[in-house]
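> Residue-level listing of the chains:
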Amino acid sequence: SQTIHQWPATLVQPVGSPLSLECTVEGTSNPNLYWYRQAAGRGLQLLFYSVGIGQISSEVPQNLSASRPQDRQFILSSKKLLLSDSGFYLCAHGRSNEKLFFGSGTQLSVL
Amino acid sequence: QKEVEQDPGPLSVPEGAIVSLNCTYSNSAFQYFMWYRQYSRKGPELLMYTYSSGNKEDGRFTAQVDKSSKYISLFIRDSQPSDSATYLCAMIRGTYKYIFGTGTRLKVLA
Chain U
14 SQTIHQWPAT
24 LVQPVGSPLS
34 LECTVEGTSN
44 PNLYWYRQAA
54 GRGLQLLFYS
64 VGIGQISSEV
74 PQNLSASRPQ
84 DRQFILSSKK
94 LLLSDSGFYL
104 CAHGRSNEKL
114 FFGSGTQLSV
124 L
Chain Z
36 QKEVEQDPGP
46 LSVPEGAIVS
56 LNCTYSNSAF
66 QYFMWYRQYS
76 RKGPELLMYT
86 YSSGNKEDGR
96 FTAQVDKSSK
106 YISLFIRDSQ
116 PSDSATYLCA
126 MIRGTYKYIF
136 GTGTRLKVLA
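Going down the list, the protein sequences come from chains U and Z. Just remember that the numbering used here sits 13 ahead of the position in the first sequence, which is counted from 1. Just remember that the numbering used here sits 35 ahead of the position in the second sequence, which is counted from 1.
Just so you know, not all the hints are guaranteed correct.
As the list claims (entries may be wrong) - Cut-off 16 Å, straight-line C-alpha distance, at most; resulting in silico cross-link-like pairs (EDC-like, lysine to aspartate or glutamate):
{"hint": "1", "chain 1": "Z", "residue 1": "Lys102", "chain 2": "Z", "residue 2": "Glu50"}
{"hint": "2", "chain 1": "Z", "residue 1": "Lys132", "chain 2": "U", "residue 2": "Glu111"}
{"hint": "3", "chain 1": "Z", "residue 1": "Lys142", "chain 2": "Z", "residue 2": "Asp113"}
{"hint": "4", "chain 1": "U", "residue 1": "Lys112", "chain 2": "Z", "residue 2": "Asp113"}
{"hint": "5", "chain 1": "Z", "residue 1": "Lys132", "chain 2": "U", "residue 2": "Glu72"}
{"hint": "6", "chain 1": "Z", "residue 1": "Lys102", "chain 2": "Z", "residue 2": "Glu38"}
{"hint": "7", "chain 1": "Z", "residue 1": "Lys132", "chain 2": "Z", "residue 2": "Glu38"}
{"hint": "8", "chain 1": "Z", "residue 1": "Lys91", "chain 2": "Z", "residue 2": "Asp101"}
{"hint": "9", "chain 1": "Z", "residue 1": "Lys105", "chain 2": "Z", "residue 2": "Glu50"}
Keep in mind the hints are simulated off the structure, nothing from the lab.
Looking at chain U on its own, in the form it has when it is part of the complex (with noise of 0.2 Å):
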């Protein structure tokens, strides 16, 4: 059965640190993964999503980047933090047109 990692759960960072979160899939091969931010009371922000290796498309420009160093493994980081990156943090994967999965979330609080 396919499975999705992310950590931490939680987070709380200093403003103009730099951000590393990690997601990981089990389970499955060449799957499109996916970075969403939910801030409290809204929708989900898609930020970045990936078809493959080295593959990164962003749908916002941003203080943030992403990065897939390996087929299921996808990173999201920042050089340096800003409040407004403050929020719940989303891994998920699927395949085109399937059902998306989602990991168990990382709080990020910038402080």
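Put chain Z on the given structure of chain U with help from the hints.
Showing chain Z alone in chain U's frame:
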């Protein structure tokens, strides 16, 4: 206009009631539709996935799609306090992009 509109609620119902959750959309190209349940501080959990007009049933859940009206619904029968959560509708634009509603917060009162 947003591509997907969803009433944020909250929607409060007594235990055992039938719940109706709805989304409207503007892009007639959407072909695949999903409903997710999200508990506080957790990742969304897929409840229903459908790609055609009509009804699809799974246990206490029924998903309904009306492409002519650009309207989808999720019905929950015999609602339980454990159903209290935020429900998100989602649709696929193109091949890769999943577009989500803002979610409806549901409270089922014991």
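> For this structure, which hints from the list above don't hold up?
Hint check: 1, 4, 9 fail, others pass.
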